[in-house]
Amino acid sequence: MLLTDDVILRNNVKIIGNGPQTLVLGHGFGCDQNMWRFLTPELQKNFRIVLFDYVGSGSSDISQYNKDRYSSLEGYAQDIIEICQALQLSDAIFVGHSVSSIIGGLASIEIPNAFSKLIMICPSPCFLNLPPDYLGGFEKQDLQELLNLMDKNYIGWANYLAPLVIGEANSSELIGELSGSFCSTDPVVAKNFAKATFLSDYRHILKDIKHPTLIFQSQNDSLASPEIGQFISENITTSELDIVKADGHCLHMTHPNKITDAILRYVDNHE
Amino acid sequence: MNELQNGANLCPTYSLNDFPCGAFVTNAARVIIYCNDYFSTELAWQPDALIGKSADVIFTIASKMFYQTYLIPTLLHETTCEEMQLTMIDGKGVRIPITVNVKTDNNGFIYWSFFNASKRDKLYEELIQARETLEEQTKQLTLLASTDELTTLLNRREMKMRSILAIELAARSQYSIALIQLDIDYFKKINDNFGHPEGDRVLKELGVVLKGFARKTDLVARFGGEEFLILLPNINQQGALLVCQRLHQLIANIKVGDAAIKVSIGVAISNPESNFKTLYTEVDSALYKAKESGRDRTEFYNRS
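Protein chains in written order, with this note's numbering: chain C, 9 to 279; chain S, 376 to 679.
In short, the hints are calculated from the structure, not lab data.
Just so we're clear, the structure is a prediction, and the values are computed from it rather than from any experiment.
Just so it is clear, CB atoms sit at the ideal spot from N, CA and C, and this is done for glycine as well.
Some clues are possibly wrong.
What the hints assert, rightly or not - Below, computed lysine to any residue pairings styled on SDA-like, alpha-carbon distance capped at 25 Å:
(1) C:203 <-> S:506
(2) S:467 <-> S:436
(3) C:75 <-> S:523
(4) S:497 <-> C:161
(5) S:664 <-> S:617
(6) S:439 <-> C:230
(7) S:514 <-> S:586
(8) C:199 <-> S:492
(9) S:428 <-> S:455
(10) C:199 <-> S:455
(11) C:203 <-> S:497
(12) C:148 <-> S:502
(13) S:591 <-> C:89
(14) C:148 <-> S:510
(15) S:514 <-> C:80
(16) C:148 <-> S:431
(17) S:494 <-> C:155
(18) C:199 <-> S:457
Said to hold, decoys possible - A few chain C positions that, by computed beta-carbon distances, are all more than 10 Å from chain S:
(19) 52
(20) 70
(21) 73
(22) 77
(23) 93
(24) 141
(25) 212
(26) 227
(27) 235
(28) 241
(29) 242
(30) 248
(31) 265
(32) 266
(33) 273
(34) 274
Produce the entire structure from the sequences given, and follow the hints as far as they go.
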């Protein structure tokens, strides 16, 4: 078993806010806990909030990085599990962005008592096109070429958020502001995370998620279409789907008020 | 005078079309508003075929994602982005690795220069391949260096190293650990009467039993010939006793001929002062006691 202090340092865990319930916020690929900064000012008035960086991201302790462990989403889920155990969390609400929604889903299956609800922002259980049943949006060879380009350019890549991710229709100013403060990511770590994110298929775990789940999907998101939200919603029987009239993959950054209000409403209605 | 020197006296008219690289300009909507002749002479695009098109048309899907997610945000912040490797598609649909340098101005125009990187790309491919091979070999060697070939349990060196860390962690976390030493009774007789292959089978099967029995956080090793070592974190004497009783039961399922395998077990429970050396001495003395007292039993080291 890991010591509480060790986990807190390893995952750069920060706890803010006050409230009877705890929110655990899981960042997406290539980002860190900073990405929640547009939501936390409001949410911390109502909740105790646990922020963290996955090992290899943000200000986590990179010396604890283990390529094998973090080559599948289960390894990242283990980070969440260990954080929940270290903080002795029960009935917390997990909010995950993009791939973190699935990572949180995996954790909720492992330690169901730690959570009471899940909130997924722009999730996708599989980015690959696997016709005829499922279209994740991308051909495998395109994603492999993307990983190859990450190698050749030797950059953390996602240390900048993208117009693709933010949504083309959002302004340059917004893109500039949103991408400005992103931390650098070690290229090897970034590639491993990208591989675990983009080449995996976690559709099969959705039916094992039993917690009430709120799914936000953007109407126009090149990484996760509304149809993918529909697919997730059909497979998690206890879920609700909220298609937001917006562009891009980062609703919590581009539309923080809408997301905050919806979270508060959802939590109120599911007391 | 040779031709070059002749040329030094000329003052030619020159333009972007004379440069051995591609150059184009896109506007704020990323539509191509200018491209030099390199695209038609070297990259098989019809002259002017690119004008008025989105820059997207010359990139592969992955490159498009890459420039949208990295290049454009970098430009927004730093107004320049150099040495990006991307893949472009020429007028005949052939994919060509390229290096791209880009800068932008206040009006949102982006100035792109393209250099063929086909040879450099081969080198990168080789480097990536070499790194992957090395990583794979390191993984295999680490596994070989840390496990026992016959049972695939941890070997002596690895067990020692991990146990030292586990005992330190236990002391910091203020819980105790149990070190269990397990030795097959009359193992020599198995080898003598049934042959070494049968002895190896027994060791292997015991390895499977111990591996299946252990929790994720337990350490299990073949520490010597027929000697096995198990470290259980966060457990007290009662817990360890239950574990050992279960071990005796499980191991009895391994048979040689008609007879069940039997083992002697020594156990030592750590205190805050324990280290691997002292615990191993203690567990060894407990095992000796188990052997002396008739075998097929568990004995705990009594520190008092």
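Hint check, failures only: Hints that this structure does not satisfy do not exist here, as all of them hold.
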